[in-house]
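Undergrad: Converting from the sequence shown to this note's numbering requires adding 459 to each position, the first position being numbered 1.
Just so you know, these hints were derived from the structure itself, not from any lab. In this text, all values refer to a predicted model and were calculated from it rather than measured experimentally. Treat the hints with care, as some may be off.
As the list claims (entries may be wrong) - Now the in silico label distances, taken between C-beta atoms and shown as ranges:
# : residue 1 : residue 2 : range
1 : T515      : L536      : 20 to 30 Å
2 : D478      : T515      : 53 to 63 Å
3 : L536      : A479      : 34 to 44 Å
4 : L503      : K550      : 44 to 54 Å
Note that beta-carbon positions come from the ideal geometry of N, C-alpha and C, so glycine has one too.
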Amino acid sequence: MTESTENHTNFPATYFNRDAAFKLVKMAGICAWVVLGIYLFATLISFAQFMIQFATGMFFQKGMSVVDVVGFFTPYLVQFTPGLAYFIGLKFIEHALLILLDMEDNTRRAARK
Numbered sequence: 460m461t462e463s464t465e466n467h468t469n470f471p472a473t474y475f476n477r478d479a480a481f482k483l484v485k486m487a488g489i490c491a492w493v494v495l496g497i498y499l500f501a502t503l504i505s506f507a508q509f510m511i512q513f514a515t516g517m518f519f520q521k522g523m524s525v526v527d528v529v530g531f532f533t534p535y536l537v538q539f540t541p542g543l544a545y546f547i548g549l550k551f552i553e554h555a556l557l558i559l560l561d562m563e564d565n566t567r568r569a570a571r572k
């Protein structure tokens, strides 16, 4: 981001450095994607490892029902859930900060008129 070229008013604002706020917004967005990628990668590796073991017969027992087999797959669906929650939370923070910055800019413009 570039430095602000707007004239300063004596309006008491909520943020002191707009560029620092934009850096925080950008970091929240980047961290959201990084966290999602890490959780997705870890889940895929664990699932691939499980599928190799499952295909070789390591988890098969005589007399297993379909429900028992489906029960083996549920932890891999749940393993991804915290990463998705962190992603949604960080994206919410990113967009909430952008909305607050827009509100602040609108208030500053209104104070100048």
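Undergrad: Against each hint, give a clear statement of whether it holds in the structure.
TA: Cross-check of the supplied hints:
For T515 paired with L536, a C-beta distance near 22 Å keeps the hint of 20 to 30 Å intact. The supplied range of 53 to 63 Å is met by D478 and T515, whose beta-carbon atoms lie about 56 Å from each other. Restraint check, L536 to A479: a C-beta distance of roughly 39 Å satisfies the suggested window 34 to 44 Å. Under the hint 44 to 54 Å, the C-beta atoms of L503 and K550, about 21 Å apart, miss the expected range.
Hint check: a violation occurs at hint 4 only; the rest are consistent with the structure.
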